[in-house]
Structures are given as C-alpha cells and as structure tokens.
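Enquirer: Here is what each chain is made of, one letter per residue.
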Amino acid sequence: MRACIARVGGTNCDLEMKIVLEEYKIKAEIVHMKRLIKEGLRGYDILVFPGGFSYGDYVRAGAIWGKEILAKMRREIEEFIESNKLIIGICNGFQVLVEAGVLPDDGISEVPKAVLATNISAKYECRWIYLRVEDNGEVLRVPIGHGEGRFMPSSNEILMDLIKNRCIIFRYAKPSGELANGEYPYNPNGSIYDIAGICNKKRNIFGMMPHPERAFFGWQMPDNRGKKYGDGKKIFDMILGGIIESHSMEKN
Amino acid sequence: MIVRIEVRLKKGYFDPEGEVTARALKDLTFPVNNVKVSKLYTIDLRVEKKEEAIKIAEEMCKKLLANPTKDEYSIEVLLNGEINEKI
Amino acid sequence: MIVRIEVRLKKGYFDPEGEVTARALKDLTFPVNNVKVSKLYTIDLRVEKKEEAIKIAEEMCKKLLANPTKDEYSIEVLLNGEINEKI
Amino acid sequence: MERLMRKSDFISFFDLSRANDEELMEISRTLGLALNLEEMKAIRSHFKRWITDVELQTFGQTWSEHCFHKTFKGTIEINGRRIDNILKTYIAKATKELNKSWCFSVFEDNAGLIEFNDEYLIAAKVETHNHPSAVEPFGGAATGIGGVIRDILGVWGEPIALTDVLCFGPLNINDVPYGIKHPLYIYRGVIAGIGHYGNNMGIPTVAGSIIFDEGYIGNPIVYCGCIGILHKSHYIKGTRAGDYAILIGGRTGRDGIHGVTFASTELPEESDKLRSAVQIPNPFMEEKLRRAIIAIRNERLASGITDLGGGGISCAIGETAHKHNLGVEVILENVHLKEPNMAPWEIWISESQERMLITVPKENLKRTLQVLEEEDVEYSILGIFDESKILRVKYKGILVCEIDLDFLFNPPKVIRRAIDVKYEDSNYNPPEPRDLCDELLSLLSDPNIKSKEEVIRTYDHEVRGCTAIKPLQGDYGGPNDAAVIKPLKDSWMGIVISCGINPFYPDPYWMAAASIEEAIRNNICIGGRRIALLDNFVWGSPEKEDRMGSLLKAVEACYDFSKALDAPFISGKDSLYNESPLGPIRPTLLITGVGIIPDVRKAITSNLKSKGNAIYIIGITKNELAGSAYFRGKKINGGICPKVNAELSRSIMNRLIKAIDEEIIAACHDVSEGGIGVAAAEMLIASEFGMIIDLRKVPSDLNRSDLILFSESQSRFLVEVKKGFEGKFENIFQGIPHSRIGIVEGKSLKIIDLKGNILEINQGEIRRAWR
Ligand SMILES: Nc1ncnc2c1ncn2[C@@H]1O[C@H](COP(=O)(O)OP(=O)(O)O)[C@@H](O)[C@H]1O
Ligand SMILES: [Mg+2]
Chain C
1 MRACIARVGG TNCDLEMKIV LEEYKIKAEI VHMKRLIKEG LRGYDILVFP GGFSYGDYVR
61 AGAIWGKEIL AKMRREIEEF IESNKLIIGI CNGFQVLVEA GVLPDDGISE VPKAVLATNI
121 SAKYECRWIY LRVEDNGEVL RVPIGHGEGR FMPSSNEILM DLIKNRCIIF RYAKPSGELA
181 NGEYPYNPNG SIYDIAGICN KKRNIFGMMP HPERAFFGWQ MPDNRGKKYG DGKKIFDMIL
241 GGIIESHSME KN
Chain F
1 MIVRIEVRLK KGYFDPEGEV TARALKDLTF PVNNVKVSKL YTIDLRVEKK EEAIKIAEEM
61 CKKLLANPTK DEYSIEVLLN GEINEKI
Chain G
1 MIVRIEVRLK KGYFDPEGEV TARALKDLTF PVNNVKVSKL YTIDLRVEKK EEAIKIAEEM
61 CKKLLANPTK DEYSIEVLLN GEINEKI
Chain L
1 MERLMRKSDF ISFFDLSRAN DEELMEISRT LGLALNLEEM KAIRSHFKRW ITDVELQTFG
61 QTWSEHCFHK TFKGTIEING RRIDNILKTY IAKATKELNK SWCFSVFEDN AGLIEFNDEY
121 LIAAKVETHN HPSAVEPFGG AATGIGGVIR DILGVWGEPI ALTDVLCFGP LNINDVPYGI
181 KHPLYIYRGV IAGIGHYGNN MGIPTVAGSI IFDEGYIGNP IVYCGCIGIL HKSHYIKGTR
241 AGDYAILIGG RTGRDGIHGV TFASTELPEE SDKLRSAVQI PNPFMEEKLR RAIIAIRNER
301 LASGITDLGG GGISCAIGET AHKHNLGVEV ILENVHLKEP NMAPWEIWIS ESQERMLITV
361 PKENLKRTLQ VLEEEDVEYS ILGIFDESKI LRVKYKGILV CEIDLDFLFN PPKVIRRAID
421 VKYEDSNYNP PEPRDLCDEL LSLLSDPNIK SKEEVIRTYD HEVRGCTAIK PLQGDYGGPN
481 DAAVIKPLKD SWMGIVISCG INPFYPDPYW MAAASIEEAI RNNICIGGRR IALLDNFVWG
541 SPEKEDRMGS LLKAVEACYD FSKALDAPFI SGKDSLYNES PLGPIRPTLL ITGVGIIPDV
601 RKAITSNLKS KGNAIYIIGI TKNELAGSAY FRGKKINGGI CPKVNAELSR SIMNRLIKAI
661 DEEIIAACHD VSEGGIGVAA AEMLIASEFG MIIDLRKVPS DLNRSDLILF SESQSRFLVE
721 VKKGFEGKFE NIFQGIPHSR IGIVEGKSLK IIDLKGNILE INQGEIRRAW R
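Chains as they are written, first to last, in the numbering used here: chain C, 1 to 252; chain F, 1 to 87; chain G, 1 to 87; chain L, 1 to 771.
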C-alpha cells in the first residue's frame, strides 16, 4: 500500500507522519505539490495533508493551499474520493481540507461549509488535551498546536447533518470523559459542539486539529513513557483500519 | 487600477483578536467600548475599467480572500488621485 | 464614536504576506501586479467629539497599534450614517 | 570631507591619505562605519590609492564588535597586567585543556559541534538579538530565531529544537523615559515574534526562561538558541578555487543596513529613528530555504556553506574565502534584489534575512540549481573563488572593491582598560518573618519564579514529534529542569537541553560560577551527562572600565568552572554595548547546557511520583542569600553571595547520575531560585501527592528556618527515592552531605520548622500562587 504525504512551502509535520505510516508497513512518500500537480495521484491509496503553516498561513490558515487544490487538482481529488481511497488532514491539513470544500461534505463543495476560525484565546496554543472518541467513548490524550482551530459550520443544518450522520468522530473532553462543553482549556479553541475531528459519510476523509502523530509512541506521551505505543496509535488504528483491511482483502 | 478589499468578520461573530486588542487598549486607560479587527488588501490590478476591477475583486474574495462562513467583504476602487496617498 | 485605523507597513518595507498573497492570486490567474496587506481596527470610542476621537486614535497608534519604526497609520472617523454600513 | 570625496554614478571614492584625524572620524561617522581613529588610520596607511565606499563599508562590517569580537580578541589592561584575547585565554583554553574526544569542532564554525553517537553530530548555537528587539520587539525577536536557525543550517545541521531566554523590565511599571518602549509592549512583541517564527518553521521551542528586573527596562535581552543534528559525513567544509559562490533565499533589500555597527554601539535615545535596523521576519521563506539546504546536504552537492548574518554578503563571502585561504571575485549586480536602485555598498552589506551562501563545485552546479528551483528558492550566482587571497567586487563591469584578505582579517588590536570588580560579602540578615507560609507563597508568585505557562503554551514544543521531556509537566504544567529531544528514529538516545542564568548574584565571578553550575545541575536532574556548554555574555560598553572589569571576572569563572566541573565550552557569543539612557544593562551571562541521555524513557521528571517514597536533600545549605529571590523580595542589598565548591559539586553530580542509572530515583529537582521552599513546592505542582519535610534535618549551620528554607546555596538537589532503595541511595552518597528530610504523603506541603512547628500549605494554594 502506498501513501502520499503532500507538502508545499511551509508544511512541516510530514516526517513524523511518514514514520507513523511506516509503522503500518505502508510505503509513504513525501511529495511536493508541484510534482503532484504534474504527476497526479495515480498509484496512491492514501493522501495525507500534514500539519504546518502552508504558504505561511497567510490570508487564512490553509486557505491558499486549499484553493490551489481546488483550482488545480479538483478532478483528481474527486476521483480519489469516489474510488474509496483515504484522505487524512491533520491540523493545517484539516484547515486545507475545509478551505478546499472537501470537508465537511462527501464530494467537493463549491463554497466551504465550515471554517477553522481563530482560537477564542486569540493565541496559538500547544497543550495536551483529552479527546473523546465518539464511536466508543474512549478518552485519549493527544497534543494540539494551533492558532486557528475553532471549528464553525456555516449553518445549523450542516452541524445537524454532521451529528446525524455520525461524522463527528472526536470531541474535546475532560479527563473524566465528560465533554468539555466549551470550557477552556479542555476545549482549547472554542470549537462549536467541542468538535475536534470529523469525517465524511463514507468515512474515507478524515480531518482533525489534534496531532495523533505526536502521541504515537509511548515515549512521546507526558507520562507512562515506558509503553511501546501512545494514545495516538489508537486514532491511526481507527482511521487506517478500514483501508488496511480492504486492501489486504483485495490482495487475497 | 488599485482596489482595496476589506475582509471582516460577519456581524455577530466573535472576534478574538478584537477582544484582546480592546482589553489591551482598556488596560492603557483608553475609553474603548469595543474593537473589531479586519484585513485590508490593497491590490494593484492590471485592468483599465472600474467595473472590471470590481468584478475581479469579488471573484478574488470568493476564490481566496474570504471564507463565507465567517467573513464578509467590501470593495473600494481607488481613483487616481488617491493612489499616491494610499500606496 | 467610531474610528477606523489602518495600520500598514511604511513604504520601502518588504511585505511577505502581500508577496505570498499576490503569488497565490496570480496562480489563480488573476491579473495582479502586487498586494499590500494591512490591518484595519474599527474601534468604538466613548467620546463625543470628532477631534477628541482623532486625538485618542493617534495616541492608541503610538502606544500600541503601530510601531512608528516600521508602520504608518491613517485614521478616519465614521459619521453616523456610515456606522450601520461598516459595523 | 567634501575635499576628500569624489562621486561617480553609483560609487563614492575617498582620499584618506590627505585626511586628518578629524576628517577620518567624520568619514567613519558619516558612512556609519563605527570604526575608531586607530582603525581608520590603519586603513589609511594600507591603501596607497583612493578607497571606495564599498571598501570602507567592508572594513566597517568586518571589524565591528559583532563580527570580529574586538573586545574578546583584544588586549585588556588591568592593574598594570595585560591579558590577550580573553576568548582564547579563558573560554577556549578550558576546552582545549579538557581535551574531550567528543568535541568535534568548537569555536570554529557558526555553531559548536559535538558527537551525539559514533555516527551523528549535535550542532548548538545561542545568539542574542537585543538591540533589534528593543526597537521592534516582534520583528527583532523573530529574526533572532531566524538567525540562529541559519547558524545551525550553516554547519549542515537539521534544526530540531529552539530555546529562548528573555529579560525584560518589570511589566507593571508606570512610565518609561522618552524613546524607550514599555516592557509590556516589548514582552508581548518578543514572545509573539519567537512563537511566530519557531512555530512557522516547525521547530519545537523546548527550553528557556524569563527574567524581570529594572535593569532591563532600557535594554531588554533576547537570547535565541538552536540545536541541530547531522550525520558526520554531512559535515563538508572544503571550498576550493573554481567553486561557485551562490547566494540563496530571500531577496536583498535595504532592510537591516548597518545592523552590525548598530549592535556594536550604544542605543541612541531616539531608537525610532533607526528604521533601517528593522527587519520583517519571513519564516515561510526560511522554511523553503531549510528544505533546499537539507536536500543539497543529503546529496552532498556543495563544498561549503555559511549563513548571512551581521555584515551580509560582505562578511559571509570574505570569511569563506579567508578561511579556505582563497580569493574571490564577486559580480554584485547578480544579486536578486527586493528593490531597484540600491547602491553597490548597500547590496554588499545589507542584512536582509533568510539568506545563505553556499559554495558549489562546477560539476554540481546544475543539480544544485535544480534543487533550488524545485523548492522554490531564489538564488544568484555571486562569483567564483580563486587562489588570489584577494576580495574583488565588480559592479556593472567596474571594480568597486579590492582588498587583501589577510589585511582585512587582521584588524588593529583594541586595548581595553579594566578595574577590579568584586562584591564584599556582608553578614546582614532581615528580621525573622512571622509567617513562613506567606513568605513561600509570595515567592512562588514572584514574576521571576512564577510559572511561564502563559508564554510557553504559545510556542509549539511538540512539533516534529521528538520531544520526550516537555517544558511543562502534566495538566498543571509543572516545571521540568531540562528538555529532552529524541533526534533519531532508531535510537533511544536523547539530547538534554538546559539553561543557567543568575544575573542577580552581586559578584560577577560567583554569578558566572553559579550560572555554569545551574546549567549543569539542571541537565543532571533529568539524567543528562557528558555536558557541553555555551556562553552568552550580555554586558554594557567595554570601553568603560567597570563593565570591562566585571566581564573579565565572569570570563575567569568560565575557565575555572568549565575545567573543574569537566564541561567544555563549545560555542558562544558576546553582545556588548548594551547601554541606554537609563545606564548599562545588568551584566548577564547565559549558560546553555547540552547533554546526552542513553535512553529517553529513563529521563527523570520533577513531579512527586508515589506515596511513601523518601525525600532527600543533597548538598549543604549555607547562609548565602545575597541576590536571592528572598532578599530581593525584601529589597535587601546585602548578604553573602552564593559560591560554588567545584569539587563537592562535581562529586555530587557524578553520584546523582549513578543513582539515576541504577533506577532508584523517582523524581529530582534542583534547588535554585527561592531555595528549598520553592523547589519543594514545585515538585507538588504536577503531582497528585504532597510531602512533608523537616528543616531540622537539613545539613546546615543556619539557625533560622527562613534562611534554611530560602538560602540559594549551590550544588543542592531535592530527590525522591523509590521505596526500598534508601540504603542503596545512601551508599552511593556516602561521604557527601545528604539527609533524608521527608516523605511523600498527603496532598499538601508540610514543613516542620526549627522549633518543631508544622506549617502546612495545600496543593491548591501552591498551584494558585505559582500559576
Ligand atoms: N564569547 C564567545 N564565547 C564562546 N565562543 C564564542 C564567543 N564568541 C564567538 N564564539 C565562537 O566563535 C565562532 C565564530 O563566531 P562568530 O563569527 O560570531 O559566529 P557567527 O557570526 O556565526 O555567530 C562560533 O563558534 C562562536 O560560537
Ligand atoms: Mg553565523
């Protein structure tokens, strides 16, 4: 299985992403957008938009890259999604997916249906937070690091759709597992409905503000550093689980 | 032709940067009620006509400069006399 | 009373944000020569007189909003009619 | 001056041979050269012809304090004695005598290089960016980070961690004199600037410290550090005749012209007039530059590299040629510019940010340019190196500079005068306070001790996913003593990064000793060993005898304690002339410690781990409170300055590492500002437990509880020992002052004073006071 970790100027979480994917025996390549535009997505099963400050995060976080994708790779991406391949956006990558209209939606929407707005604190925040996995209620510790992470859907209907279709996968919580309910710093940015990560209906596009790739190994965690893996692994197991399974089935 | 595009938060949206600025100004004892912060793009366009400039400016807002979820924008075309002053 | 303060880089300073934005717009095929990005503060002041508002606005620029070493600013006081439109 | 000057289209010529002393100085001033009379005379007698502005500017830059370290390399006169080159005589000498096989390249390049393991090297550098930050805090601090990152790139290092140590005036002062910016404005700007650059670059900011004092109102300090990693085979320094000099990165503009001479003089009253010294940070550009350099490095395309810092192209290319015993011919109009119509001398010395110089053999040129294009990095081919040992610069076909490099790099030595500076200990003590708990709580909320969480959280300290020990521990953000980075995927080994800074200790010699010890102590607490040091001096004008005197004392301490504590210096920097209308800066020495740890999973944190574990203090507590947080809080100037007993210190630290390796230590925290009281309280912050300690058991000849609790004697540690290993621990520390003073229990800090009373502060109160 092959993954493409896309980058442009200002991307910077590509290496740690590669290390994580390689733990799953996925062949991960870091590819500059210039080359991607020229050579396309053929041959890849997974497309990752990693964290960073693409194009300096000027205009709005993720906006320039998001719009570039729309303008130059729209068909490619649509096909990628339609053929049930996997797209992951983490932090800046999530911002890119939202600005490109890829999330929240099932195809690509002309106008973005949400935004990741400036944190309520108006500051960049780096901290370990508690995430509640909506599928199973598990509480995980992962770090965040962003200045624009306040998820806001553009209408109530969009929020309702996300809820109804079970597209909200991670929410900010307290250590007990109780939802943060907007309370700072448990909800570090003021996201509506404590939203930390979402996916599409088909569950092959994932976007989240927290960085599971920085909590993948036990030694990266703030405590319990002796264990082999950290909480971030559970997030990747969940996201990659589907595709890894279907892939090995195809092969058999 | 020079256009000036202001991109600001829609009414009713919370503006953290404005809030922080307001607090800092109040701390300095200025009689401030509230502050909104917006971005102003001053763009030199290679077009001749005002109408065309406005059309292009709108397109730029839609395609990049504003996210309609939270932003609204206004466009102003500078007349020749103002150019020197503003650019 | 509402004042609007634009804070921008002085002439001669290179504006990385403007440069990147210009390039992104060009990439999207807009006929752009160059872009400058500035900040616009719309501030509701608790004062009655226009002159006073301007004086306070200048003070705010000097004390917080602008760094005279690299920034310049311009101040505008909104008349009543414009308030609805701009705020 | 006019009579000595001739102008052509873009260049001015000067006839120095006819200039008298006054005119020489007038030229130096008018062109902003900051050269003194002796230096101007040396230039006059060297040149038998008219000299160009480009040439004069080259001297102004290369001979500046910032680029050449005139003071450190000059001669110092004290009490009739002469000391030559204090850098060599003290700092580098300790390193030489320690003769560590793991010191790979020290005091040579842009950064110090030490071995990480058999294959990899650690690169480390710390810089200051004080003057620019005083004028434009955001841009000044951001470009400080940008600059030190380029120092690491400049030895082919991949930057993996940043540090920042900041000193400001008190944030709550009312008014500042005209021309000086309010500390709060500077504080906000500097912090935003550091976060902006580091976060954008995707390099974690993992260690640092913030100090507030009136002595920094006129002169804030911004120290920026960067750590990098590279494979030994990446380290290529072999520029040869025929190689191309290529300028890569951002365009050259008028920004930052004369930054170097600016940093080598005092801040004038109206700093706002110095707009040319302001630089606009562009981390987006530097990120691309970093990618390109790492790609060029990995393909081993270049023969050399250096950063463009002070002095711009003029210094970078001159130094490169000189270092390799070469000459070079530069075609100046090739430089890619931000703005048209720049004069040749402006292009030549501009300090525009985000630029580097690489040298490339002909056969690799094509591929190198291809890499640059792939990464969207602009470049210009400046020229070609040759065997001439002459620096030649042409502009539009005209020769505008021709200087013999040997002359350029042998400026006249400066002589500085110094007087003895020493603090006389006095045995004054304040009246005994009524309530020790109140005293402790007020110390915990002292701005210098209080948590810096509000700042630290705005820096990304997790990016790259390599941060094993974080600057903040747990949900309540307890303090750790050092940060640990795990740089390689396939090795458990880590790099331990710590700081030591004690500007309040009144004696310059002991102040420096304490800073060195603190940097090492902090490193050891986590489990760091084989520690290398970096020094950063920030002092007032070296032309004044008292400032020079205290500088000399501090440098002496560097030699003495580097040797005695077995920790070599590998790099450093001095920033002198920190004077403002308010007077000189408080002399401040930052020591950065870079250690290694065999297994990052075994690194020790400072929070208490489990109930029933014993608490030990190691070291002796003496009446040493001059400059302590306790005395400063009471506005007391006297007292006895904390001193370092190097032999004891070294033996304590060696044993502590042994105990850590035996895995019998649960938590460890060094005792520094605020003494045992603050250290103990800090161990509770990130813990679910409390502890009880008995002051009667602390090894000390003091007979007052407050002095024992708040003394700042050096070489002390508070250690939580795992249950059942007390005997083993005491064995390791046999013959060394240590004592079991308490136990982990409850959820509060209980202190038994000398009279046997139990004082209690609960955890919540401690957290509230500290956070
Ligand atoms: N005061 C000092 N103490 C220790 N090392 C120093 C000092 N000043 C300069 N050095 C070292 O000398 C070398 C060259 O210094 P310098 O030319 O200033 O480098 P750069 O200009 O890249 O900062 C570096 O390794 C630097 O660390
Ligand atoms: Mg350098």
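No wet-lab data here; the hints were simulated from the structure.
Any given hint could turn out to be false.
Computed, partial: chain F to chain C, Cβ under 7 Å [unchecked claim]:
1. I2
2. G12
3. P16
4. E17
5. L64
6. N67
7. T69
8. K70
Here a beta-carbon is modelled for each residue, glycine too, at the ideal position from N, C-alpha and C.
Enquirer: Taking the hints in turn, state whether each one holds.
Expert: Each hint tested on the structure:
no.: 1; hint: I2; result: violated, 19 Å
no.: 2; hint: G12; result: violated, 12 Å
no.: 3; hint: P16; result: holds, 4 Å
no.: 4; hint: E17; result: holds, 5 Å
no.: 5; hint: L64; result: holds, 5 Å
no.: 6; hint: N67; result: holds, 5 Å
no.: 7; hint: T69; result: holds, 4 Å
no.: 8; hint: K70; result: holds, 5 Å
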